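Engineer: Letter by letter, the chains look like this.
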Amino acid sequence: MTDRRTVILARISQALGHAAAADAPAVLQRVNDHARGPQPQWAEAPRERFLAKLAKVAGTHAELASEAEIVGAVADYLAAQTLPQRLCVAPHPLLADVVWPQGWQVAHRRAQGDDRIGLAVAFCGIAETGSLMLLSGPDSPTSLNFLPDDFICLLPEDRIVPRMEDAWALLRAERGSLPRATNIITGPSRTADVEQTIQLGAHGPRRLHVLLKGGRHA
Amino acid sequence: MKPTSAAFSDNARRALHDATLQQALAKAGVGFVEKRRAALSDLPEFAALREAGREIKDHTLANLDHYLLRFEQQVQASGGEVHWVDTPAEACAAVLDICTRAGAKRVAKGKSMVGEEIAINDALEAAGLDVVETDLGEYIIQIAHEPPSHIIAPAVHKTRQQIADLFENLHHQPDLTRPLETVPQIVDEARQILRDTFLSADVGITGANFLIAETGSTVIVTNEGNGDLSATLPRVHIVLASIEKVVPTLEDASVLLRLLARSATGQEITSYTTFFTGPRRGEDVDGPEQFHVILVDNGRSRMLGGAYHEMLRCIRCGACLNHCPVYSAVGGHAYGWVYPGPMGAVLTPLMVGLDEGRPLPNASTLCGRCEEVCPMSIPLPQLLREHRRQEFERKLAPPRSRWALAVWAFSAQRPRLYRWASRLGSLLLNKSSRGRGRFRSLPFAEGWTAARDLPAPQGDTFMAQWQRRKPHD
Amino acid sequence: MRVALFVTCLVDLFRPSVGFASVRLLERLGAEVVVPPEQTCCGQPAYNNGDFETARAIARQVIAAFDGFDHVVVPSGSCAGMLVRHYPELFRDEPETLARAQALAARTRELSAFLAESGGEPAIDGTFSGKVAMHDSCSARRELGIVDAPRALLGRLAGVESVELKEAETCCGFGGTFCVKYPDISARMVTDKAEAVIASGADVLVSGDLGCLMNIAGRLSRMDSRVRVYHLAELLAGMTSGPAIGEAEKP
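Residue numbers (my numbering), protein chains in the order written: chain A, 9 to 226; chain B, 5 to 477; chain C, 5 to 255.
Treat the hints with care, as some may be off.
Stated by the list, open to error - Derived DSS-like pairs (lysine-lysine); straight-line CA-CA distance at most 30 Å:
(1) C:K170 with B:K39
(2) B:K435 with B:K6
(3) B:K39 with B:K6
(4) B:K435 with C:K185
(5) C:K135 with C:K254
(6) B:K31 with C:K254
(7) B:K31 with A:K64
(8) B:K109 with B:K6
Honestly, the hints are just simulated from the structure, not real lab data.
Keep in mind the model is a prediction, meaning the values are calculated, not measured.
Pulled out of the complex, with its shape left as it was, chain A reads as follows (with noise of 0.2 Å):
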């Protein structure tokens, strides 16, 4: 296939009048620029704007005043959704030290076919769109994003960004580069494609449920 990309690109080359270079000056200046184009104005503060968005896609929430809230946060929403007390949990630092109720079977692992609840950890929050930003990794297995009916995702209230592009300014920043899956997730998942009729939990989760939680990140 080297040949044709040889082809390829001389004939996009020859339309441009140029020599191909991945390192033009036009094309280093704008991928290390990282400007941004206009961005939407709001006048709610980040936590209300990202609570109404979610609410505006079907999301729910609950507001936690420190990781000792967890397991009550998530032992109700079991109870009102008449759940199995039976989690997949990330392996994040911030899960690490929940001590689960006797009698729950908690694992720490990637999701499974048969995982009806999966609980991990946001990166960020975006508030724009009401969206949570997951990185994939050993403490954030994307499988559990999707796999389960139920997806339960913590969410420190200071890790709320206005915009998308703030999450892209806090991922360089914190991470360098991105990971295998950035996954922005906008309220649980939904098809239009029997009869443009909105139906939530096609192939992913059923239900999202965010653990908005108070005070500083650890």
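With the hints as your guide, set chains B and C onto chain A.
Structural biologist: Relative to chain A, chains B and C alone:
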């Protein structure tokens, strides 16, 4: 898929008389339009974003070779492979080669219009692989053995009842176990059936809405989550992407994402927007071991810098289909190939040839609504006219219409002859209307009079009456 | 003020009264109206069928015939759009003609836009009693951005109750030669439009474009509707005593 675009007129007539199809189309059309309208009215910055989006695409296309190289470098740096292919056959061969080397038996497929363009399913099935479309709409048309009729809602032409019947026949023989009437029941049925596909597939194939040169990422936007499952659970992830999908940075993608979701479904953002960057990393506990990007040209590099250059800005949102009165009347299948509606009428003749695709650019009133709603400001009517210019130059139109146009053109360039002829025509037509003011039928005008009366001329032409009036004024 | 009237081929052939209504409105504004005899058609049939050479030849003829006037007025959004938007496009690669095409484009207005721009609203001073629906041609609406002008002018007519059509932005299905090349699709589109007209409860349908009007009037007539169809200019000039479009001559 073998195109039937040349038979557009027949396809369209059949579609207009297909009551079930008309029922499905009527349900879909207004919804898309209203949702987009509401989404735009909620975002005062949309016009500015549209300008910015156009600049991003124009800049990238003007440096396309640079950005593709940059993208390739970054994919390789993150442990992935890039395969450049020129034709659909080469693209299929590249995918098949990866599958064969991976010892794959089952392929979970996410929605990809490039996949439709290169007919990847046919190629993989011919090689004995089990390919399952996992987007609900794509799954429906796969089991119905039909092509998509819309670029973002592939099964928009199917009614709930038709879908229920398809599922019942395929999943439930010989005996029905689960009820299949409501939308939730149908969606749940697909969820249960396709779950096994995700878990057992060896290879996942997805498309790409954008490629990010800065990071070597490929982006998909979905609502169902099927694309993410296809890209996460199988051992191998193959991305089918055409070369014009590349954009410079994550910030640039952010601009286009705001435009795409609103224009497509009226959402602010889809449920899932995912950036894939290479295969599973060292300590990852899930994700594919291999990450391949198939960069498909298929005629695009030849569009660059030419008459159809601006079409390369297209982000496949489907707004032009949703707002097209012709698409709304006949649906996507009438267009006879992969891409329907205004964007399809531009692309199809370029990809399958003008001889085959000739009717499509003509099947438009050039009403301009497509250009008006296009988030990338693509001058679609002008591009359709450009096809008509090529058609005229190559004398592809039927002789009768070419001859009529030539006679008209001859007289329109000779004002005296024209005035004489139009006067004769108006007087004759007026006389033969016998004061009824209209014709119910008229020889040589059956196309018009089949469905509507032809108003008769009032009498003498304006020019003749004006000549008479002037001296007395 | 010398105003050249571009009559349009459809008005010339089918409905001269639209031309005379336009003249009356322009004269009420105090304009001296000239009808250059060297005009035939704007060239759209050639342009939209891909015969750009013929379109250019006709455009040159129009550019020459309408040289030297203060304003060029067209009682059609479609033909005005051709002069304003597409002539410059046609001469992209011919700088000299391009300059002349641009000059013509700058002086050319669709009738209702011209009347609104030139403070012509007081010149509309008639009465008409009934519900009137305005259909915007796609060219007027999208190529020229004319939506408010005709409605403002209609508002000057005492007794007019304006009604809006559902799906007003949707094409009526005329599309020049489209309606005969794809008669089935065109028929479907004009049926939808005619049904919207009937549903609006309008007594009268007007538009600035005779192509759309003949199409919609023809369909309304076939559906035995009693909605009467006039060109906007006829209503504004008070010239509605004669038969509406497609209507029988009165005995």
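Engineer: Confirm or reject each hint.
Structural biologist: Evaluated hints:
Distance check on the hinted pair: K170 (chain C) and K39 (chain B) sit about 17 Å apart at the alpha-carbon level, within 30 Å; holds. Of the supplied pair hints, the one linking K435 (chain B) and K6 (chain B) is violated, its CA atoms being roughly 51 Å apart against a limit of 30 Å. Between K39 (chain B) and K6 (chain B), the direct Cα distance comes to roughly 34 Å. Violation of the 30 Å bound is thereby established for this hinted pair. Between K435 (chain B) and K185 (chain C) the alpha-carbon distance is near 27 Å, which keeps this suggested pair within the 30 Å criterion.
Between the alpha carbons of K135 (chain C) and K254 (chain C) the distance comes to roughly 23 Å, so the proposed pair stays at or under 30 Å and holds. A hinted pair counts as satisfied when its Cα atoms are at most 30 Å apart, and K31 (chain B) with K254 (chain C) does not qualify at roughly 44 Å. Taking the CA atoms of K31 (chain B) and K64 (chain A), the gap is about 24 Å. The hint holds against a cut of 30 Å. Our distance criterion of 30 Å between C-alpha atoms is met by K109 (chain B) and K6 (chain B), whose separation comes to about 26 Å.
Checked against the numbered hints given earlier, the structure breaks hints 2, 3 and 6 and satisfies all the rest.
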